[in-house]
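When you get a sec, could you build the whole thing from the sequences and use the hints?
Residues 14 to 331 (the working numbering) make up the sequence shown, in order.
There is no bait here: all hints are sound.
Mimicking DSBU-like on lysine-lysine, the simulated pairs with C-alpha atoms at most 35 Å apart in a straight line are:
no., residue 1, residue 2
1, Lys157, Lys75
2, Lys157, Lys93
3, Lys53, Lys324
4, Lys313, Lys75
5, Lys53, Lys313
6, Lys313, Lys139
7, Lys157, Lys144
8, Lys313, Lys324
9, Lys313, Lys157
10, Lys139, Lys160
11, Lys149, Lys53
12, Lys75, Lys149
13, Lys149, Lys139
14, Lys93, Lys53
15, Lys160, Lys93
16, Lys144, Lys160
17, Lys157, Lys139
18, Lys53, Lys157
19, Lys313, Lys144
20, Lys75, Lys144
21, Lys324, Lys93
22, Lys160, Lys313
23, Lys149, Lys160
24, Lys75, Lys160
25, Lys93, Lys313
26, Lys139, Lys75
27, Lys160, Lys53
28, Lys93, Lys75
The following label-pair restraints were derived from C-beta to C-beta distances:
no., residue 1, residue 2, range
29, Val296, Glu138, 34 to 40 Å
30, Asn293, Ser323, 21 to 27 Å
31, Glu138, Arg284, 39 to 45 Å
32, Gly266, Asn162, 28 to 34 Å
33, Lys149, Arg284, 41 to 47 Å
34, Ser323, Ser145, 42 to 48 Å
35, Thr209, Leu331, 29 to 35 Å
36, Ile112, Pro229, 37 to 43 Å
37, Asp297, Ile112, 30 to 36 Å
38, Ala80, Ser228, 28 to 34 Å
39, Gly133, Thr261, 26 to 32 Å
40, Gly301, Ala196, 47 to 53 Å
No wet-lab data here; the hints were simulated from the structure.
Where a beta carbon is used, it is the ideal one built from N, C-alpha and C, also for glycine.
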Amino acid sequence: MAFSQKFLQIVLLSSLLYLSLAAARPLTESSEFDSSMEFKYHMGPLLTGNVSINLIWYGNFKPAQRAIVSDFITSLLSHKPETQPSVATWWTAIRRYYILAHTKERQRPRPSSLSLSLGGQILDEKYSLGKSLTAKQLLSLAGKGGKANSVNVILTAADVAVEGFCVSKCGTHGSISDPRNGAPRFTYIWVGNSETQCPGQCAWPFHQPIYGPQSPPLIAPNHDMGLDGMVINLAGLLAGTVTNPFGTGYYQGPSESPLEAASACSGVYGRGAYPGYAGNLLVDPRSGASYNANGVNGRKYLLPALFDPSKSSCSTLL
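And the structure:
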């Protein structure tokens with residue numbers, strides 16, 4: 014028993030070192046891309062193989078809210094001819110990273126392909142760790158998901174406070190390694206529902222921004238500002254997780270606070286975007302909601318631009 018407790022403490026401590034490496038949508042005033050810092054590949058591994066995405070729901074989420082996120086994950090994997098532009102098409106842009114990585118390290122075997130699948134869903138509706146979580150407690154929750162070939166996604170409800178949430182980040186991703194040999198065990202993502210805590214920071218453009226140009230907020234495509242904002246952050250963090258899973262993949266700037274595949278294009282959702290303006294988007298004629306990607310079950314989503322490493326620019330669906 015003592016060994017198990019000691020082992021867990023070591024795992025938590027080693028994981029905390031990477032926890033702050035990849036925050037979603039850094040809460041800074043400018044969303045402009047800084048061309049003075051080069052976005053590059055740091056020669057580390059990307060996420061490869063068959064990987065399951067496990068959803069860990071912490072707190073009170075309605076079934077309809079959970080469906081918004083699970084449909085998004087399913088949309089990433091869809092092989093059906095969805096109406097374009099689609100979530101699946103958005104995700105295919107990630108292939109560029111794998112192709113470029115192979116080009117830069119021809120002396121190594123070609124990286125195997127990445128195949129994602131929706132794994133299990135865990136409900137913690139009784140707030141087992143309380144309503145104020147530390148970084149260590151997030152790691153404990155992450156451990157409830159799969160331990161191998163998985164991305165464990167922790168989603169915290171609107172009434173849950175998380176260390177650093179709304180102060181310096183809207184979410185984060187990292188990995189947990191085996192302290193005995195340093196080998197990665199699994200990756201994880203955390204995203205919080207900002208609806209009642211900081212929607213102007215983490216649910217923009219579906220809420221008035223807390224700073225900058227005060228353009229009218231857009232109507233959320235799934236009629237849930239908090240959950241639609243979570244999808245934006247989850248999408249960006251998932252892109253960062255597969256292209257920079259262990260802090261040695263693709264990113265721009267210092268490793269302690271990197272800009273990754275999506276965060277390097279923060280605030281950009283369509284062509285013509287600038288601070289305070291998300292860009293040219295599609296508008297649902299019935300609901301007036303703004304979106305740029307179609308998903309399964311008739312879903313519509315707003316997804317962030319992804320940095321194209323082959324062109325050194327942000328790439329949008331529209």
